[in-house]
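All chains should be modelled from the sequences, with the hints used to inform the complete structure.
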Amino acid sequence: MARSLLAAAGALLLLGGLLLLLLISAGHAGGRILAGQEVPSALVPQALQAQGALPLSRAKRATPFWRMVGSKPLGAPCSRGLECSTHLCRSGRCADPRVQS
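Each position in the sequence shown, counted from 1, maps to that position plus 392 in our numbering.
What the hints contain is simulated information worked out from the structure, not anything from laboratory work. Being a predicted model, the structure only gives us computed values, none of them experimental. Here a beta-carbon is modelled for each residue, glycine too, at the ideal position from N, C-alpha and C. One thing to keep in mind: the hints can contain errors.
Listed next, with one range per pair, are the computed distances between beta-carbon atoms [to be verified]:
1. Gly409 - Ser477: 50 to 58 Å
2. Val491 - Val461: 22 to 30 Å
3. Leu411 - Asp488: 52 to 60 Å
4. Gly462 - Leu415: 28 to 36 Å
5. Leu474 - Leu414: 41 to 49 Å
6. Ser483 - Leu411: 16 to 24 Å
Right, here's the structure in full:
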């Protein structure tokens with residue numbers, strides 16, 4: 393009984409070690425360009441094509457719903473109209489477009 397329990401524990405430990413090794417090697421990305429690495433801008437297109445890596449960054453896009461949720465309410469301090477839910481910034485405050493000042 394003790395011998396089979398010891399064998400099961402050893403097999404479980406071996407499988408755990410193998411899984412850990414696979415996770416570590418998968419995180420290396422096989423030599424692909426990772427976001428933290430410095431790459432000269434002249435070499436990026438060739439490096440991306442040769443290694444099949446994805447671009448290091450992409451433009452942020454927000455749906456209209458998330459633009460409204462992430463914007464400031466009326467009366468909040470602002471510096472540009474894009475920050476406000478009404479897209480109107482007057483005198484440093486988000487303004488109501490229906491009210492003339």
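Status of each hint after checking the structure:
At about 53 Å, the beta-carbon gap between glycine 409 and serine 477 stays in the expected band of 50 to 58 Å. At about 23 Å, the beta-carbon gap between valine 491 and valine 461 stays in the expected band of 22 to 30 Å. Between leucine 411 and aspartate 488 the Cβ separation comes to about 58 Å, which falls inside the hinted range of 52 to 60 Å. Taking 28 to 36 Å as the suggested C-beta distance range, the pair glycine 462 and leucine 415 conforms, at roughly 34 Å.
For the pair leucine 474 and leucine 414, the supplied restraint of 41 to 49 Å holds, since their beta-carbon distance comes to about 45 Å. Between serine 483 and leucine 411 the beta carbons are some 60 Å apart, a value that contradicts the proposed interval 16 to 24 Å.
Comparing the model with each numbered hint stated earlier shows that hint 6 is the single one that does not hold.
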